[in-house]
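Student: For reference, the chains in residue letters:
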Amino acid sequence: MVFSYVPVLALFLLAGGFAVFSIIAGRLSGPRRYNRAKYDAYECGIEPTPQPIGGGRFPVKYYLTAMLFIVFDIEIIFLYPWAVAFAQKGGATVFLFVEMVLFIVTVFIAYVYVWRRGGLEWD
Amino acid sequence: MSPAIAHVAAALLPGAADPTTSFPTPHLDYRALLPMLIVGGVATLGVLVEAFVPRGKRGITQTVLALGGLVAAMVAVVSNTSIRNITAEGAISVDGPTLFIQGTVIAVSIGALLLIADRALASDADFAAQAADVPGSAAEQASVRAGFVHTEVFPLAMFAVAGMLLFPAANDLITMFVGLEVLSLPLYLLAGMARRRRLLSQEAALKYFLLGAFSSAFFVYGMALVYGYAGSVKFADIATALSSSTHGDPLIIVGLALLGIALIFKLSGAPFHWWTPDVYQGAPTPITAFMAAGTKIAAFGALMRVLFVAFGGLSWDWRPIIWGVAIVTMVVGAVIGVTQTDVKRLLAYSSIAHAGFLLTAVGGITVGTADSESSVLFYLVAYGFMTIGAFAIVMLVRDADGEANHLSRWVGLGRRSPLIAGIFAFFLLAFAGLPPTSGLWAKVAVFKAAYEGGAAPLVIVGMLASAVTAYYYVRIIVLMFFQEPAVDGPTVLAPTVFTSAAVVIGVAATLVLGIVPQPLLDLAGKAVPFLR
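Order-wise, the sequence lines are chains A and B.
Using our numbering, you'd call the opening residue of the first sequence number 85 and step up by one each time.
Using our numbering, you'd call the opening residue of the second sequence number 8 and step up by one each time.
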């Protein structure tokens, strides 16, 4: 029974070995040309801005938008299996419809709150 | 239906891939669910009130709405007393303990809401004007001057109540997790809303959130392992799976342990109690009262349902653990409480000790003995009311910059304000379990249940811990009544109607249950056992 785990062990060894091999091979074979960009947090071509210099704060206006989007996203994910069940038109069409309306209305109420309290204004 | 969608549907909905299966209408007993629906509905309405009612009228509208909703929910619970029903396709069990705990949660929530309303509507509100402002910044001062008030505390508190109603009623692990989160998330926010000592409050909120999120993760991981063992998250199916095997599988033991960690965290049992003093101290006092009473009641309901209904077959495995947790909890609450100098931290350690006393009854049971279950129910009622009352008094003792929580400020309070100090002393006697208070009968009930369940060592530790806690309660009484007051002592706020009402409810319940405990003991006896 223990032997059935040998492939797992082999995979661990292979993964670890590959990591070690890659690091060593990179050291030995790769060129080393350091410049300022290489010391930045992400080498994706964009300078990381803005910086919280001297205890300053990041503007996080986008967090509200991002959060609202996630709520909306989850709502849509939830709608998919519902739509599949609804499409089969089982014995509970009215029930299914009412339940989903209740769900959407509840989420919508949260959006109404955000809208009325100025959460959708950028500045 | 395209093959791809059918494939997704098959993964998400068992049976959906087969076009001949129809989706059955789930059976929902709306009458049994009514208390939860009312409170959840009122919370949602509260969000709309925040959106549309002009600022000046929000506070009073929210207060009326929330109190009305809680009273309506209480009426619904009382009118449901004969219901013993597992509904919502087995997801929610509305049985005796559920109804009893829901009634208790609603009753203490009414008390807590009176305190919240009092401190939210007062001119020197206890809640931050604009929680998003940086503490000490110009923006914060501007918000205070503009007279902003976070009336969102009402819908948030109501969502928390809805979670507390669902948590002990949940009859499968997923519904229980939903209840856990619905009760926890608003509390994380509410803990950070104090107007004074805002950094302390925000620290409390962050600690509570991080540790709470961690304990939720434990719950989910435990749920996954239990599902791996039983093939279901429903309590009835878990019990069936356990009854068909003779020995404990590591999978289910570890799964139960992880679930237990999350639940013991919520009821602040040691060694998962570290958040309690910090959060109780930092949170606005009305919120502390609310979570100290409500969360503990709901969490004990949930713990008992998990242990007795789902994992009754494993009781020989979890009993020693509960024993150990009970002993450590009692010792920690009693011993560390002695060194406290802040009244809210002291009450926090007292609440930890009480969790330990309650756990003695849980650990002392042989599954299905009605006595221990009903003794826990009785204790929760007694504890809930005295907690609300005690924190209401803490709210009243004030310095120029808010509450005077340091015990040195309480010296000689009995000379200055005998009535308030007298009521606080009464609640302290109730915490200590001395006559003529409900605390006495509560302790007698749990220790008797524990003793009869064969947990005599727990009873001995409980007695000793009680004596130690009595020491620090009596020390405060001595400090209030038998020492000279300081020259610049704190002022005692004249209680408003709301606070008076909460205090009167607390005193009345503690005194009446102390003199005639039998009717409630009988009621608790009738409420058990759990529906399986």
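In short, the hints are calculated from the structure, not lab data.
Beta carbons: idealized from backbone N, C-alpha and C, even for Gly.
Wrong hints could be hidden among the right ones.
What the hints assert, rightly or not - Here are the in silico distance ranges between beta carbons for each label pair:
1) A:Gly110 <-> B:Val227: 34 to 40 Å
2) A:Glu205 <-> B:Arg152: 19 to 25 Å
3) A:Val196 <-> B:Val345: 34 to 40 Å
4) A:Gly202 <-> B:His34: 42 to 48 Å
5) B:Leu55 <-> A:Gly110: 40 to 46 Å
6) B:Lys455 <-> A:Leu204: 58 to 64 Å
7) B:Val227 <-> A:Glu205: 50 to 56 Å
8) A:Leu204 <-> B:Asp244: 52 to 58 Å
9) A:Gly110 <-> B:Pro278: 44 to 50 Å
10) B:Ala407 <-> A:Glu205: 34 to 40 Å
Student: Do the beta carbons of B:Leu55 and A:Gly110 sit within 40 to 46 Å of each other?
Tutor: At 59 Å between Cβs, range violated.
Student: With 42 to 48 Å as the target window, see if A:Gly202 and B:His34 comply at their CB atoms.
Tutor: 43 Å, holds
Student: Does 50 to 56 Å hold as the CB distance between B:Val227 and A:Glu205, or does it fail?
Tutor: 36 Å, violated
Student: Using the Cβ atoms, figure out if B:Lys455 sits within 58 to 64 Å of A:Leu204.
Tutor: 59 Å Cβ-Cβ, so the 58 to 64 Å window holds.
Student: Between B:Ala407 and A:Glu205, does the C-beta distance stay in 34 to 40 Å?
Tutor: 38 Å, holds
Student: Could you see if the CB distance from A:Gly110 to B:Pro278 stays within 44 to 50 Å?
Tutor: 45 Å, holds
Student: If you check the beta carbons of A:Leu204 and B:Asp244, does the distance land in 52 to 58 Å?
Tutor: At 45 Å between Cβs, range violated.
Student: Return holds or violated for the Cβ distance of A:Gly110 and B:Val227 against the range 34 to 40 Å.
Tutor: Given range 34 to 40 Å: holds, Cβ gap about 39 Å.
Student: When you take the CB atoms of A:Glu205 and B:Arg152, is the distance between them in 19 to 25 Å?
Tutor: 22 Å, holds
Student: Mind checking the hinted window 34 to 40 Å against the Cβ distance between A:Val196 and B:Val345?
Tutor: With a Cβ separation near 51 Å, A:Val196 and B:Val345 fall outside 34 to 40 Å, so the hint is violated.
In summary, the numbered hints that this structure violates are 3, 5, 7, 8.
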